[in-house]
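Asks: The lines below spell out each chain.
2 protein chains.
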Amino acid sequence: MKKFEEKTIESETIFEGKVVQLQVDRVKLPNGKESHREMIKHPGAVAVIPVTSDNKIVLVEQYRKPLERSLVEIPAGKLEEGEPPEKTAHRELEEETGYLASEMTYITSFYTSPGFADEIIHLYLATGLKKADEPLGTDEDEFVEIMECTLEEAQKLINEKKIYDAKTAYALLYLSVMKNS
Amino acid sequence: MKKFEEKTIESETIFEGKVVQLQVDRVKLPNGKESHREMIKHPGAVAVIPVTSDNKIVLVEQYRKPLERSLVEIPAGKLEEGEPPEKTAHRELEEETGYLASEMTYITSFYTSPGFADEIIHLYLATGLKKADEPLGTDEDEFVEIMECTLEEAQKLINEKKIYDAKTAYALLYLSVMKNS
Numbered sequence: 001m002k003k004f005e006e007k008t009i010e011s012e013t014i015f016e017g018k019v020v021q022l023q024v025d026r027v028k029l030p031n032g033k034e035s036h037r038e039m040i041k042h043p044g045a046v047a048v049i050p051v052t053s054d055n056k057i058v059l060v061e062q063y064r065k066p067l068e069r070s071l072v073e074i075p076a077g078k079l080e081e082g083e084p085p086e087k088t089a090h091r092e093l094e095e096e097t098g099y100l101a102s103e104m105t106y107i108t109s110f111y112t113s114p115g116f117a118d119e120i121i122h123l124y125l126a127t128g129l130k131k132a133d134e135p136l137g138t139d140e141d142e143f144v145e146i147m148e149c150t151l152e153e154a155q156k157l158i159n160e161k162k163i164y165d166a167k168t169a170y171a172l173l174y175l176s177v178m179k180n181s
Numbered sequence: 001m002k003k004f005e006e007k008t009i010e011s012e013t014i015f016e017g018k019v020v021q022l023q024v025d026r027v028k029l030p031n032g033k034e035s036h037r038e039m040i041k042h043p044g045a046v047a048v049i050p051v052t053s054d055n056k057i058v059l060v061e062q063y064r065k066p067l068e069r070s071l072v073e074i075p076a077g078k079l080e081e082g083e084p085p086e087k088t089a090h091r092e093l094e095e096e097t098g099y100l101a102s103e104m105t106y107i108t109s110f111y112t113s114p115g116f117a118d119e120i121i122h123l124y125l126a127t128g129l130k131k132a133d134e135p136l137g138t139d140e141d142e143f144v145e146i147m148e149c150t151l152e153e154a155q156k157l158i159n160e161k162k163i164y165d166a167k168t169a170y171a172l173l174y175l176s177v178m179k180n181s
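Protein sequence lines correspond, in order, to chains Z and E.
The first sequence begins at 1 in full-length UniProt numbering and counts up by one.
The second sequence begins at 1 in full-length UniProt numbering and counts up by one.
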């Protein structure tokens, strides 16, 4: 028995989409009572911190429909079925920024919203960057703008709330730790 | 016009639950083509980094049904309607750990999964902790176990994959930066 395990009594798939699946489970709580859990199933994703040879970080700005605004983020994208995360990291980096990386170093992984979703992000540091001659393009419904900035400039984007997501906030904190160590 | 804006042509609410709402929008892309966006609406949340007077961080372990496992996390919880985030931070800290904080310092906010959800987390540092005489309990379907550990012990929990979520990973990195500055 796992700690505080909530055993599924009944599971209902409410929605199966292109990106997410919504499932509601009736569960038995550790005290024997019943409750419901609403859960989003997601294929998982990678995020990449691309650092150029002149120590700039490559960021992408894109529209995020759930927020009805654009955000500046590190490059990221969903895992394709059966694709090893490191390969996804190289692919997404090239698609979104046009860069190839000679080194892709695994940093860490984290669930983004464990209370209601199983999305996991695998985070990589990409170095040894050079522009691809004929880069893969973005997905046909994806529109991004690339920017390269220093850590100080990125900090300014945080203060202006243009950078406003967990993976990018983590990435910038990580770079500032690296810089000072 | 916002940058790369995706105008809603039609919006359908698929599911309205206790925690999340699922909405699918048909949108007009910046190039004039159409696509669909699957979006989770969430009330938003707070997370609290509680640090005791002897420099230990207070963590909670709970079962996360979407992952079918328990995770060790910093205390966190959803905003109630109209509740200022700082008040939520005090409430969730007391409910989940039994601690009252004399200081609740705002650190930052971030979206957790901007690609498919609008969940935002407001992060606070709680200090000046003392145990409440008669603490608020957890919600009736919430079972948590409290632990207090040093930053080094928390790092071990990361390596053992017991700590495995974005807000907690950010929190520990934040504390290590504070410690070294």
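Any given hint could turn out to be false.
If several chains are the same, the list does not tell them apart, and a pair holds so long as it fits within one copy or across any two.
Straight-line Cα separation of at most 27 Å, BS3-like style, residue types lysine-lysine; simulated pairs [stated by the list, open to error]: (1) Lys162 with Lys131; (2) Lys78 with Lys41; (3) Lys2 with Lys28; (4) Lys161 with Lys179; (5) Lys18 with Lys161; (6) Lys28 with Lys131.
Calculated directly from the structure, the hints in this document are not laboratory data.
Asks: A separate judgement is required for each hint: does it hold in the structure or not?
Replies: Status of the hints after comparison with the structure:
1. Lys162 with Lys131: within (25 Å within a copy, 38 Å between copies)
2. Lys78 with Lys41: So Lys78 and Lys41 pass the 27 Å test inside a copy (12 Å) and across (20 Å) alike.
3. Lys2 with Lys28: within (13 Å within a copy, 46 Å between copies)
4. Lys161 with Lys179: both (23 Å within a copy, 26 Å between copies)
5. Lys18 with Lys161: Neither, since 29 Å and 29 Å both go past 27 Å.
6. Lys28 with Lys131: neither (53 Å within a copy, 31 Å between copies)
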